[in-house]
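According to the numbering used here, the sequence shown holds residues -8 to 338 in order.
It cannot be assumed that every hint is accurate.
[What the hints assert, rightly or not] Distance condition first, Cα-Cα at most 25 Å in a straight line; then the derived PhoX-like pairs of lysine-lysine:
1) K298 / K107
2) K336 / K100
3) K77 / K89
4) K296 / K336
5) K303 / K336
6) K77 / K161
7) K107 / K77
It is worth saying that the hints were derived from the structure and are not from the lab.
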Amino acid sequence: LLTVAAPASAQEQSWVDRIKLKGDVRLRHERIDEDGEEDRARGRFRTRLGLSAMVSDDVNFVLQFASGGDNPVSTNQSFDGGFSTKDIGVDLAYVDWKINDNLKFYGGKMKNPLYKAGGVPLIWDGDLNPEGFALQYTAGNFFGTAAGFSVEERSSSDDSLLYAVQAGLKLPVGDSASLTAGVGFFSYTDTVGNEPFYNGRSKGNSVDLNGDYVYDYENTELFAELSTKLNNWPFKVYVHATQNGDPSEEDSAYAVGAKLGSAKQDGDVEFSWTYQDIEADAVIGTFNDSDFGGGGTDSDGHMLKAKYAVSKKIFVGGTLFLNNVDRFQGTEHDYNRLQLDVEFKFN
């Protein structure tokens, strides 16, 4: 007689069985060469430790701590400060509720639920974890996301909120390829006349004599990603573009690129190239890539990446940025940045 036991529900499992831990440490050597500035070289690290707790069969709670202090778009910490103690903060704290087979709800400080073709940081940095709520709906080839985030709470004026919607399709193309394409719209409230988010730095955006935003940010976006294989190597090409509806100039941004390979198993390698052009008021400079062009908008250029999986838990790689910056807001000049990484993961 063969008896197969059904999996225990979340309520029947012990608290130890309901919790999963994961973490990573990345060590980085970085060199920055910017025209008109002294060359810079520094060591940095990033470390993250998180847990996922199964509240019930349909609800998970995610909590993660990370280095880097309170910067919303970077968890890197430099090796400096005379061996000083480094900052650790709450990087994620959210509930993931599977309402039914098609609909999910996220609430709290969450992983960014918005789709980025090729993972490009054109609009959102990869480390940005927004705060608020989101609904994700999937049915067949269709996917859609609606979100509302709280960006800045103010006692002296109205709060700045961010509302976003996306919709797209993932369609088969032939026997071994798929095309993901869609549109989106996102809009901030109460930017004009208020200080730039997080640290008051414009990060390439236009500001008035008081240093306050002069434009609203009401963006439409288009994206597409084609995934296939070349001689059994995973291969994808992608494009992502957005336009801010308020300014009459410096209102657009786009990224195009390609990726070959996928570094996940022992001996795997991957390579990617991305070109980005981000006009000064195309997006909020505080929240897009913190490395490209030194962070923010008003820049264009290339990102070249390579990664090798030493094992399933150890990876080495590098990123080269070849950018032009301050094209509209200042004097255009070159900005080059090289990052060499070793990363260790556990879960």
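Structure-based check of all given hints:
no.: 1; hint: K298 / K107; verdict: 20 Å, holds
no.: 2; hint: K336 / K100; verdict: 22 Å, holds
no.: 3; hint: K77 / K89; verdict: 36 Å, violated
no.: 4; hint: K296 / K336; verdict: 19 Å, holds
no.: 5; hint: K303 / K336; verdict: 8 Å, holds
no.: 6; hint: K77 / K161; verdict: 43 Å, violated
no.: 7; hint: K107 / K77; verdict: 31 Å, violated
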